[in-house]
Amino acid sequence: MADRDSLQTESTHSHDTDQTRDTYHSHGASAVPLTIVSAYKHLRESGEGVNSHTELPSHRFQYSVWHDLRNACLTGTQLKAPRVREGPPEKDKAFYKMKDEENKIIHHSMKGSAKTNYQQKIENWENAKSASFCYQELSNKYQRSTFYNILGRLRVVEHLHLTHNELQDLSSYSFPRCEVLNLNNNFLYSFKNLPSIPKIRYLALEDNDIDSFNGLSKLRSSTIEELSLNGNPVTFQINYRPKVFQILTQLKVLDGIPKLQSDLEFQSEEGLNPESSQCVVM
0 MADRDSLQTE
10 STHSHDTDQT
20 RDTYHSHGAS
30 AVPLTIVSAY
40 KHLRESGEGV
50 NSHTELPSHR
60 FQYSVWHDLR
70 NACLTGTQLK
80 APRVREGPPE
90 KDKAFYKMKD
100 EENKIIHHSM
110 KGSAKTNYQQ
120 KIENWENAKS
130 ASFCYQELSN
140 KYQRSTFYNI
150 LGRLRVVEHL
160 HLTHNELQDL
170 SSYSFPRCEV
180 LNLNNNFLYS
190 FKNLPSIPKI
200 RYLALEDNDI
210 DSFNGLSKLR
220 SSTIEELSLN
230 GNPVTFQINY
240 RPKVFQILTQ
250 LKVLDGIPKL
260 QSDLEFQSEE
270 GLNPESSQCV
280 VM
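Everything in the sequence shown is counted per numbering that gives the first Met the number 0, starting at 0 for the first residue and increasing by one.
Taking lysine-lysine pairs in the DSS-like style, the calculated list, with each CA pair at most 30 Å apart, reads:
no., residue 1, residue 2
1, K140, K128
2, K191, K140
3, K198, K217
4, K198, K128
5, K251, K191
6, K191, K258
These aren't lab readings, by the way, just hints derived from the structure by calculation.
Using the sequences and the accompanying hints, generate a full structural model.
Here it is as structure tokens:
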């Protein structure tokens with residue numbers, strides 16, 4: 000009789016273990032201990048878990064922008080990669096009512112032009128020497144207008160990164176002190192659409208839609224030393240490198256490769272027309 004009870008106990012234990020193992024594998028986590036899986040199963044069955052969590056202290060700051068805070072000391076020039084985003088409607092409704100854990104008002108009490116002027120002062124884009132505005136999702140009207148407004152304020156920026164923004168035309172903008180400009184992964188289709196960058200040294204235009212040399216001479220009067228054009232249709236043109244170096248005689252590096260003697264010799268032998276638009280079909 001005792002042996003039969005022992006066998007039943009072992010059978011029951013084996014069945015429970017198999018169920019636990021099935022639960023374990025069903026969650027697709029081979030590195031998760033069985034005890035954690037069992038605890039998770041218990042919470043799920045008891046109705047506890049995600050929907051019953053306690054809000055973190057930072058929850059009250061979920062719609063706050065740094066220049067809206069009552070005791071803000073951070074300026075835009077100190078931000079590494081800010082994002083331009085439009086807040087939800089509930090933010091404006093609760094702006095002047097939100098309080099911290101000490102029951103103190105979180106945001107300042109300024110309104111109208113005073114609020115706007117304070118925001119611009121704290122942002123301080125006019126004095127930013129380095130700025131990165133990548134992945135800005137400019138399909139949103141508010142984010143697009145705010146983004147272009149910021150670009151117009153970057154008067155002393157020296158290093159500027161604007162990748163992955165679907166930009167098509169920046170010809171109306173000027174960055175008079177910019178030495179490094181990264182415009183990779185945008186929709187620029189002509190050199191004519193570049194901003195005014197007289198002091199540029201390094202210009203990255205990889206993975207855009209530039210298909211001809213038209214407008215490249217716009218950079219002749221600049222101090223450009225290095226240019227990256229990989230991923231543009233123009234790179235498939237016959238004698239691509241000689242043409243670029245013929246137009247930009249001051250250029251030292253193209254697509255990561257220094258100017259070669261063969262580039263210069265090939266140019267002089269062929270007598271290339273820098274505005275030619277012949278294309279190599281691969």
